[in-house]
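S.K.: Given next are the chains, with one letter for each unit.
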Amino acid sequence: MEFSGAVDIPASREQVFAFVTDPNKVGGCGPGVESIEVIDPTHFRAKAKVGVGFITARFVVDLEIAEQQPPDMAIIKAHGQAPGSAVDALGRMNLVDGPEPGTTTMLWAAEVSISGMIASVGSRLVEGTANKMIGQTFDCVRAKIVAGR
Amino acid sequence: MTRQHVSVTVNGEVREADVEPRLLLVHLLRDVFGLTGTHVGCDTSNCGACTVHVNGMSAKSCTMLAVQADGAEIRTIEGMASGATLHPLQQGFWDQHGLQCGFCTPGMIMQSAWLLARNPDPSEDEIRDGISGNLCRCTGYVNIVKAIQQAAAELRAAEAAPDASGTPAAAS
Amino acid sequence: MTAETELQTTPEVGGMGHSKKRKEDPRFIRGQGEYIEDVVLPNMVWMDIVRSPYAHAKIKSIDASEALAMPGVLAVITGKDLEKAGLHWMPTLAGDKQMVLPVDTVMYQAQEVAAVVAETRYQAADAIQAVYVDYEPLPVLLDPFEAMQPDAQVLRPDRGPDKQNNHIWHWESGDRAATDAALAASDKVVPIDVYIPRIHVASIETCGCIADFDPVRGHLDFHVTSQAPHVYRTVISLVSGVPESNIRVKTHDIGGGFGGKVPVYPGYVCAIVASLTLGRPVKWIEDRSENLQADSFARDYHVHAELGLTDDGTITGLRVKTLADHGYSDAAADPSAFPAGLFNVITGSYQMPQAFVEVDGAYTNKPPGGVAYRCSFRVTEAVQTIEQLVDLAAREVGMDPAAFRMKNFIRKDQFPYHTPTGWDYDSGDYHAALQKALDMIGYDDLRKEQAEKRARGELMGIGISSFTEIVGAGPSHTFDLIGIKMFDSAEIRVHPTGSAIIRIGVQTQGQGHETTFAQIVAEELGIPMDKVKVEYGDTDTAPYGLGTYASRSTPTAGAAASVASRKIREKARLIAAHLLEAAPDDLEWTNGKFTVKGSPDRSKTIAEIAFAAYTNHPQGMEAGLEATDYYDPPNLTFPFGSYICVVDIDKATGQVKVRRFVAVDDCGNIINPMIVDGQIHGGLTMGFAPALYESITYDELGNNQAGTFMDYLIPTAVETPRWELEKTITPSPHHPIGAKGVGESATVGAPPAIVNAVVDALSHLGVRTIDIPMTPQKIWAILHEKGVA
Amino acid sequence: MIPAAVDYVRPADLGEALRILKEREGEAKVLSGGYSLLPLLKLRLAQPAILVDLQAIGGLDGISRTDDDIRIGGRATHRRILEDEGLAAVLPIMRDAAGGIGDPQIRNWGTIGGSVAHADPSADWPAVLQAVRASIVLRSADGERVVPARGFFIDTFQTGIEPAEMLTEIRIPLPAPKSGSAYQKLERRAGDFSTVGAAALLTLGADGRIAEVGVGLTAVADAPFAATHAEDALRGARPGDELFREAAAAASRQSRPADDAHGPAEYKRAMVTEMTFRALRAALGRALA
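Chains as they are written, first to last, in the working numbering: chain A, 126 to 274; chain B, 31 to 202; chain C, 32 to 820; chain D, 568 to 856.
Any given hint could turn out to be false.
[As the list claims (entries may be wrong)] Taking lysine to any residue pairs in the SDA-like style, the calculated list, with each CA pair at most 20 angstroms apart, reads:
| # | chain 1 | residue 1 | chain 2 | residue 2 |
| --- | --- | --- | --- | --- |
| 1 | A | K174 | C | Y163 |
| 2 | C | K809 | C | G453 |
| 3 | C | K52 | B | Q121 |
| 4 | A | K202 | C | D165 |
| 5 | C | K52 | B | Q179 |
| 6 | B | K176 | C | P57 |
| 7 | C | K817 | D | T723 |
| 8 | A | K174 | D | A571 |
| 9 | C | K688 | B | Q179 |
| 10 | A | K172 | C | Q160 |
| 11 | A | K257 | D | R848 |
| 12 | C | K89 | A | L232 |
| 13 | B | K176 | C | K817 |
| 14 | C | K128 | C | T109 |
| 15 | C | K443 | C | G453 |
| 16 | B | K176 | C | P704 |
| 17 | C | K52 | B | E184 |
| 18 | A | K202 | C | P57 |
| 19 | C | K91 | A | P208 |
| 20 | C | K809 | D | D808 |
| 21 | A | K257 | D | A788 |
| 22 | C | K682 | D | R586 |
| 23 | C | K682 | D | A788 |
| 24 | A | K174 | D | P831 |
| 25 | C | K352 | C | Q180 |
| 26 | C | K682 | D | T723 |
| 27 | C | K682 | D | R848 |
| 28 | A | K174 | D | E813 |
| 29 | C | K809 | D | A572 |
Hints were generated in silico from the structure; no laboratory data involved.
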């Protein structure tokens, strides 16, 4: 599944970049994240309870900043597993000047693969749910940057 | 999780057990009480092989917890015949070749019994709709429909002449 | 008027042709059947299986420490554990091999990765959640055409250095050059592409087993849902090294098989290993998702076929090229010489001057298989293709499909008919079967109705399928499974008081063997069928046999039962001669007794003879009255039939409704008409199901999209048509009782009748073919594209 | 398939149930029939700590009528709704929908409250309740609130029910005279979830025009919704096939179906048009009867 979008954030490119590459900051925006463990500056492990409504699964997710060109671009890889299910994602983010001076537009694209039982029995719900979670994540990123500015 | 005490009346007999709350009713019947006539076929309440009666209503016992049935009257396939006398549905399934591998049969009979209790003279469409929650892979349903029709006629006749000798066992 | 087999016995004896009620039913209707899940052994423990979420991935590590610390957990078995014992791979019945548990790579979604054993099933279910497997996903290869490309990643590097590709095998049949020439010389060549999707037999009982190894006796009792218990015993002995004499395979009652209970599954081997390790009985019962996601699938054939014709509608030849998707292993159960089964029966019911058929097998990241779905070795694929193609050809030469068939059918006087792909059809009368079906359904009136409806813009179609089945595998010169010849067996003992036991090498899963085999003995020996006990499914007592699949029980073991009975009858003749003080040749066998010719008052019944066999047998003769036969069929049998289906299509929604379905079957002589009708009803329903509802599809990552009965759509009583049955009877000339077998005919014959009806309803829009399942969305898309919806 | 460990209570009255829901907020899950919940527990896609079974609480499973509305207890089974003649006489849509849910056994045990609270986008009741402008009664230890069905279904499996609240009743306004209602469901096979479902309620004015209308759609968005564009097209207009086709097309344009095993989005949009048209026609037929 491929998703993409653009978010305007009233902050500088550096501020946005710093936020989204800091696991302790961006971690709080990941869907259902309950804890984040920093392994090294580019590797993190998150525990997350994700789902819709009361239908949830607990995932352990390994995240890696696979590539970065501060403050313009970053590629993040995620590999998460829950009993019987797995999720793999490749997210790419490009930061460009926003419509207003001092703002930044984050252009993002994500390729998400969901495997196993959730993909088998929940196929009618998976795409919409993934799309929504991604949207919520970026809304949260925007809100936190604005709040912390 | 604490175990909970369950007391149910199964085929007229009070049975009790201490169970985990998550225990499925079908496993209470099969694994705890040894009533293995009730089968599990699909796990998602589609196939009806696990159908029993709970307080007179047909239910899929793989989709009900044992604790939900605490205090209930339960009837299973083992409670259908009266000694050597088969229930008219059992007789109908035998006479009409309404079964092949036999795996769906107990659930099919229990669902049919519920159907006939509510609608003693169903049309073929009503029979087919009435067993639409019970899947059979062997018979193509043709002879199941005939079996239910035979039983329905027999039960109606018994109802009309309750004193006649050789009255078949009453339906549920 | 239904054709009937002439009755030779009274209803009390209940030989062939009597619709006797089934002897097995009393236990089933009382809920006293004994299926594998009902079997409880002392000290028994439960196994559950950890499965892969990925269709293709490296296993980096498996951490079972948390699971092992959970209450009741006794063991966790991984591929690395099995590797130490050399048990991580096992042979498939098709001569390929299959992982029991992977050591380093998973090959399909839901593949077994580890087995957990615990005291209870609930504990085992909890523990599989706590086994952490670290995977590294690999690219997934799902399309067999891509898999056959030279640059495709090699999925099975374990094969020899000359096989570093995804091509499993190539198989061909017929004369390529002659067929090419015949098609080149034809007035017209009609091509068709038919994809027959993955489907699953989905018997209502899933698979399961209890492995019970007794370390003191060194003996393994293996209770299992198997259609072929003796083959299992041999395979288990070969794989485990336990002497075959120390292994007993026991089947109990089986809740439907249809081909899905022929293969040996990894879970069985894991349970055996667990029992060998723990010295306790280990039970494993699949849940429905495991069954649908991991058990051997059926079909997945991509067929391209071309039919040559003259302008007057005479068939000149058939050329077929097929790609078979076997998943990551060829786990079919086809005879060794036939990697594509009996697919080359694709020349069908037609006089076929030339034919050439080729099939290639390919590996993909899907579950292994290629087993039957109530079909004798790939015959459904063949019949669907030829019957769709014949309809299309008729249309393209402007002929009615019924008339086209009548013109090209093999004539009654041409049997035995030798086909260009090497089969010798034993007997048939195809014209009579089709004519009966046409008369029953009122074909001409339906065509008129269709014309009127079409003029009003309504969609109605009529479809015909005139199939030829090929069953009874098989003659030992060509048929074997992993080297074991495909004979089958019967062993009969007549007891002193005139009742009998027959033990057979085949295995019922609902076909009614306890009744029909008793009827065969009753027919041959005059012993009332009530007094004939039928046993099977215990390898300690039953004679060796290859099991029940491919409609082979009646053609093979049925023949063995008949031949063994006749051996007994010959001995009985000698005993009767002794008792009657007559020459054996002066005795005449009728109605269960030997009578001195010309002296009707001098006779001995089989019961009297049986008593004498133990009390008063001739000096020099062995006591007892028993016989065994291992029957090696001289040929296969070829049941056939003609089916006609009428459909109405809702233009707005694309929904197809089967209005009528007439089935005229010919399975030769009939043992029990009631049971034969039941087999046809069920077979028709399992032909109807994939035509309109069932299929297993995968998303682009290889996730099974039909992993529960919420999405794998087995028809209910509501959708299933009210089948209308008729018969013709053309006995098999080489079978001792003239029977042919019937279990799968209807599943083989039904789908093309339905497809042809739907295509017929849409043919005026230019529709040539539609792949099954013909879902509403698929039909609607066609109508939408044609501007009708 | 075996559920994960869970606790179970069967409170004797509503007060006790609400107290438990409050004390165990976020951990407790109401069990009302269980035919949606149990399969999820068995697949381990839901793992609540405690199940609060409502079966012993009296007064939650009735169907009654006031001067203004029909009141259906949250624990009323689909079977009870299906077989209520009085209800079918005024709101035949309820019988249409109840008769198409699952299979006979599921109808015996599944409840309207359970289904509504579960909010599966493919379930039938939510669209029906929006079409008939029902209200939903929610109780908690702190009191009661009554919310309109429209706006209640927020998202897939998400409703306006707060964690400590319980759905106790559905209230449906009595339709005005000359009303008709119908539910049309397209399914792949008997017992299947809807591919598309369309619910319609029409009320005709004295002038023969459509005075009021409700249209609800099942399975063609993240949550079932009221097809307001179709309603706008219908309100005040003279009923007829042409109008119904236009309104149905408007409903289709408002739908947001996803591709899945029931079919691609394009097919579902077309089926919204067809099912909405059929529902409107059937509703009109009943209004005129």
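S.K.: For each hint, tell me whether it holds in the structure or not.
M.R.: To see whether the hints hold, each was checked on the structure:
{"no.": "1", "hint": "K174(A) with Y163(C)", "result": "holds (17 angstroms)"}
{"no.": "2", "hint": "K809(C) with G453(C)", "result": "violated (38 angstroms)"}
{"no.": "3", "hint": "K52(C) with Q121(B)", "result": "holds (11 angstroms)"}
{"no.": "4", "hint": "K202(A) with D165(C)", "result": "holds (16 angstroms)"}
{"no.": "5", "hint": "K52(C) with Q179(B)", "result": "holds (18 angstroms)"}
{"no.": "6", "hint": "K176(B) with P57(C)", "result": "holds (18 angstroms)"}
{"no.": "7", "hint": "K817(C) with T723(D)", "result": "violated (35 angstroms)"}
{"no.": "8", "hint": "K174(A) with A571(D)", "result": "holds (16 angstroms)"}
{"no.": "9", "hint": "K688(C) with Q179(B)", "result": "violated (24 angstroms)"}
{"no.": "10", "hint": "K172(A) with Q160(C)", "result": "holds (16 angstroms)"}
{"no.": "11", "hint": "K257(A) with R848(D)", "result": "violated (36 angstroms)"}
{"no.": "12", "hint": "K89(C) with L232(A)", "result": "violated (33 angstroms)"}
{"no.": "13", "hint": "K176(B) with K817(C)", "result": "violated (43 angstroms)"}
{"no.": "14", "hint": "K128(C) with T109(C)", "result": "holds (18 angstroms)"}
{"no.": "15", "hint": "K443(C) with G453(C)", "result": "holds (19 angstroms)"}
{"no.": "16", "hint": "K176(B) with P704(C)", "result": "holds (16 angstroms)"}
{"no.": "17", "hint": "K52(C) with E184(B)", "result": "holds (19 angstroms)"}
{"no.": "18", "hint": "K202(A) with P57(C)", "result": "violated (61 angstroms)"}
{"no.": "19", "hint": "K91(C) with P208(A)", "result": "holds (16 angstroms)"}
{"no.": "20", "hint": "K809(C) with D808(D)", "result": "violated (27 angstroms)"}
{"no.": "21", "hint": "K257(A) with A788(D)", "result": "holds (13 angstroms)"}
{"no.": "22", "hint": "K682(C) with R586(D)", "result": "violated (54 angstroms)"}
{"no.": "23", "hint": "K682(C) with A788(D)", "result": "violated (25 angstroms)"}
{"no.": "24", "hint": "K174(A) with P831(D)", "result": "violated (30 angstroms)"}
{"no.": "25", "hint": "K352(C) with Q180(C)", "result": "holds (16 angstroms)"}
{"no.": "26", "hint": "K682(C) with T723(D)", "result": "violated (31 angstroms)"}
{"no.": "27", "hint": "K682(C) with R848(D)", "result": "holds (18 angstroms)"}
{"no.": "28", "hint": "K174(A) with E813(D)", "result": "violated (44 angstroms)"}
{"no.": "29", "hint": "K809(C) with A572(D)", "result": "violated (43 angstroms)"}
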